[in-house]
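Trainee: What follows is each chain in one-letter form.
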Amino acid sequence: MATPELKLGHLSGETEDPPTGPAQGEITIALVQGEPVTQLPRDLYIPPQALEVFLEAFEGPLDLLLYLIRRQNLDILDIPLAEITKQYMNYIELMRELQLELAGEYMLMAATLAELKSRMLLPRSGDIVVDEVDPRANLVRRLQEYERFKQAAEGIDRLPRQERDTWAASAASEIRRPLSTIPQVALKEMILTFREVVSRAAMFQHHYVQRERLSVRARMADVLSAIEGGVFVNFKMLFKAEEGRMGVTVTFVAILELMREGLIEIVQTEAYGPLHVRAGQRPYLRLVEGEIGDFSTVGVSMAEVSTEKGS
Amino acid sequence: MSDHYVRNVIEASLLAADKPLSLNEIAELFHEDGCPEKGRLLWTLESLALEYEDRGIELRETASGWRIQIRQSYAREVSRLWPERPQKYSRALLETLALIAYRQPITRAEIESVRGVAVNPNIVKTLMEREWIRVVGHRDVPGHPELLGTTRSFLDYFGLRNIDELPPLAEIKQMVDLNPQLTLPVVDATDPDAVVVAVEASGGDGQT
Chain E
7 MATPELKLGH LSGETEDPPT GPAQGEITIA LVQGEPVTQL PRDLYIPPQA
57 LEVFLEAFEG PLDLLLYLIR RQNLDILDIP LAEITKQYMN YIELMRELQL
107 ELAGEYMLMA ATLAELKSRM LLPRSGDIVV DEVDPRANLV RRLQEYERFK
157 QAAEGIDRLP RQERDTWAAS AASEIRRPLS TIPQVALKEM ILTFREVVSR
207 AAMFQHHYVQ RERLSVRARM ADVLSAIEGG VFVNFKMLFK AEEGRMGVTV
257 TFVAILELMR EGLIEIVQTE AYGPLHVRAG QRPYLRLVEG EIGDFSTVGV
307 SMAEVSTEKG S
Chain H
34 MSDHYVRNVI EASLLAADKP LSLNEIAELF HEDGCPEKGR LLWTLESLAL
84 EYEDRGIELR ETASGWRIQI RQSYAREVSR LWPERPQKYS RALLETLALI
134 AYRQPITRAE IESVRGVAVN PNIVKTLMER EWIRVVGHRD VPGHPELLGT
184 TRSFLDYFGL RNIDELPPLA EIKQMVDLNP QLTLPVVDAT DPDAVVVAVE
234 ASGGDGQT
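Those protein sequences? They're chains E and H, same order as listed. Basically this note's numbering = 1-based index in the first sequence + 6. Basically this note's numbering = 1-based index in the second sequence + 33.
These are computed hints drawn from the structure, not numbers from a lab. The C-beta atom is built at its ideal place from N, Cα and C for all residues, glycine as well. Some hints could be false.
[What the hints assert, rightly or not] Simulated crosslink set (BS3-like; lysine-lysine; CA at most 30 Å straight-line): (1) Lys92(E) x Lys123(E); (2) Lys206(H) x Lys92(E); (3) Lys194(E) x Lys121(H); (4) Lys194(E) x Lys246(E); (5) Lys121(H) x Lys123(E); (6) Lys121(H) x Lys71(H); (7) Lys194(E) x Lys206(H); (8) Lys194(E) x Lys123(E); (9) Lys52(H) x Lys71(H); (10) Lys52(H) x Lys158(H).
[Claimed, not checked] Covered stretches of chain E, going by a simulated chain H footprint (3 or more residues, C-beta under 8 Å): (11) 109-120; (12) 168-174; (13) 236-247.
[As the list claims (entries may be wrong)] Here are some, though not all, of the chain H residues that point toward chain E, as calculated from beta-carbon distances under 7 Å: (14) Ala49; (15) Pro119; (16) Pro138; (17) Glu143; (18) Tyr190.
Use the sequences and the hints to build the structure in full.
Mentor: Here it is in structure tokens:
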């Protein structure tokens, strides 16, 4: 993943001065067949997005600095600080012109560079010889450290990787009997089991008229899982006759609620033809607790009413 | 128990398992018939790997154990089975991952100090969701920042047996040959606090 090479011609100081340099004050922006060009052609058009993409490719100030150093084959241990600082500031200026939102880190680095530069300009005190440290040492260490991990990242990217360079081989096996793994319980299974419990409880309906536990919420999940994967399901198949009038009513209320939420669609291919249910076509999963909670109480009370009628 | 039988049991199980099998897991496959020696299993695995040498598949050992996988030299052709391109990871993500892999356990702040930019929380989230990294503890400093480390799935994914198999880090070159005109007293450059203070003080100038 090399940083794209792109010459930002109109920035000063980035192009080599030709032997016959331009007059003072003029800035060489490019060399065309050996001739220095000092003014941008009027019809030159650089789409602003191109620069933005280029500038956004930098992973921060260290990356940008490294790019400047490496592009010019400079020795990282002996950076011409004044030059690099100038170039860095040009990029920062450009980013600001393009109104890229500059992370604070870039400004901090600009300040660091300016500070180091000014310190390099200070006259060296002649008598101190021992333990002298180059003011650039800290910056160089950071650059080197960053470059190490930049390379390490490239190294990791080159490692043969599952799903890109290799795939686990497998063969179909008829036997599926895990040794001692704890089986995962899917919500769907819980709902299905719940439905069984409910339907079994329904058999005792005449004994326990009062405390039937069919909730619209569970039934909504039930219906949704029945139409999982975009399949069409016959409307009638969603109802379980053995659940009695109450179960049917709860299912119906659940379907109405799901329709209101846009989570399902009811389709009929011809007049008086069978109804089919499928998952709603807009992105959803907005099962808001409160809303359904309220509704389920209504549902239960309706169910209770119907049960009383039925018994 | 013939070598032939042991080899076929291992081969069949590796293909059926859908995950790498450790030597212990392989040994358990035989427990009713009297388990072969670990050494014999290893030997069988290695000879199986040899048998695959000129085939489209290979037997490799990764962190979690042994697995049969597609040989990398056929990746280009095999990948045409699936229309979607494999996911490409951003430089930011790979650099963050590299720091966690080579410098674990590491805090977010330490990652930031090397990369020079703030850690993108989405990157950490993605790495967590891929189960390549995990929180391995908390540093005993104010705020108790999380210490991040890589997981076994990370090693499996990149076909490594352990973290030492990562490509070696580049050497750091030392600044030995200094230009004497550029040298200054120690106190300015090595004391990070001094630098930070100075930087903050000169921040306004730096922008012009």
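Trainee: It remains to establish, for every hint, whether it holds in the given structure.
Mentor: Tested hints:
1. Lys92(E) x Lys123(E): It holds: about 10 Å lies between the C-alpha atoms, which stays within 30 Å.
2. Lys206(H) x Lys92(E): The hint holds at about 25 Å.
3. Lys194(E) x Lys121(H): Given pair Lys194(E), Lys121(H) is violated - Cα atoms ~34 Å apart, limit 30 Å.
4. Lys194(E) x Lys246(E): holds, 17 Å
5. Lys121(H) x Lys123(E): violated, 39 Å
6. Lys121(H) x Lys71(H): Answer violated: Lys121(H) to Lys71(H) is near 39 Å, above 30 Å.
7. Lys194(E) x Lys206(H): violated, 60 Å
8. Lys194(E) x Lys123(E): violated, 66 Å
9. Lys52(H) x Lys71(H): Given pair Lys52(H), Lys71(H) holds - Cα atoms ~20 Å apart, limit 30 Å.
10. Lys52(H) x Lys158(H): holds, 24 Å
11. 109-120: That given contact holds, which follows from 10 residues of the segment 109-120 of chain E lying within Cβ reach (below 8 Å) of chain H.
12. 168-174: The restraint on the segment 168-174 of chain E holds, since 7 of its residues have a Cβ under 8 Å from chain H and three suffice.
13. 236-247: Answer violated; 0 residues pass the 8 Å Cβ test.
14. Ala49: This interface hint holds because 4 Å falls under the 7 Å limit.
15. Pro119: Since chain E brings a Cβ to about 4 Å from Pro119(H), closer than 7 Å, the hint holds.
16. Pro138: violated, 16 Å
17. Glu143: Cβ of Glu143(H) sits 11 Å from chain E, so the hint is violated.
18. Tyr190: OK, holds: Tyr190(H) within 7 Å of chain E, min 5 Å.
When the structure is compared with the earlier hints, violations turn up for hints 3, 5, 6, 7, 8, 13, 16 and 17 and for no others.
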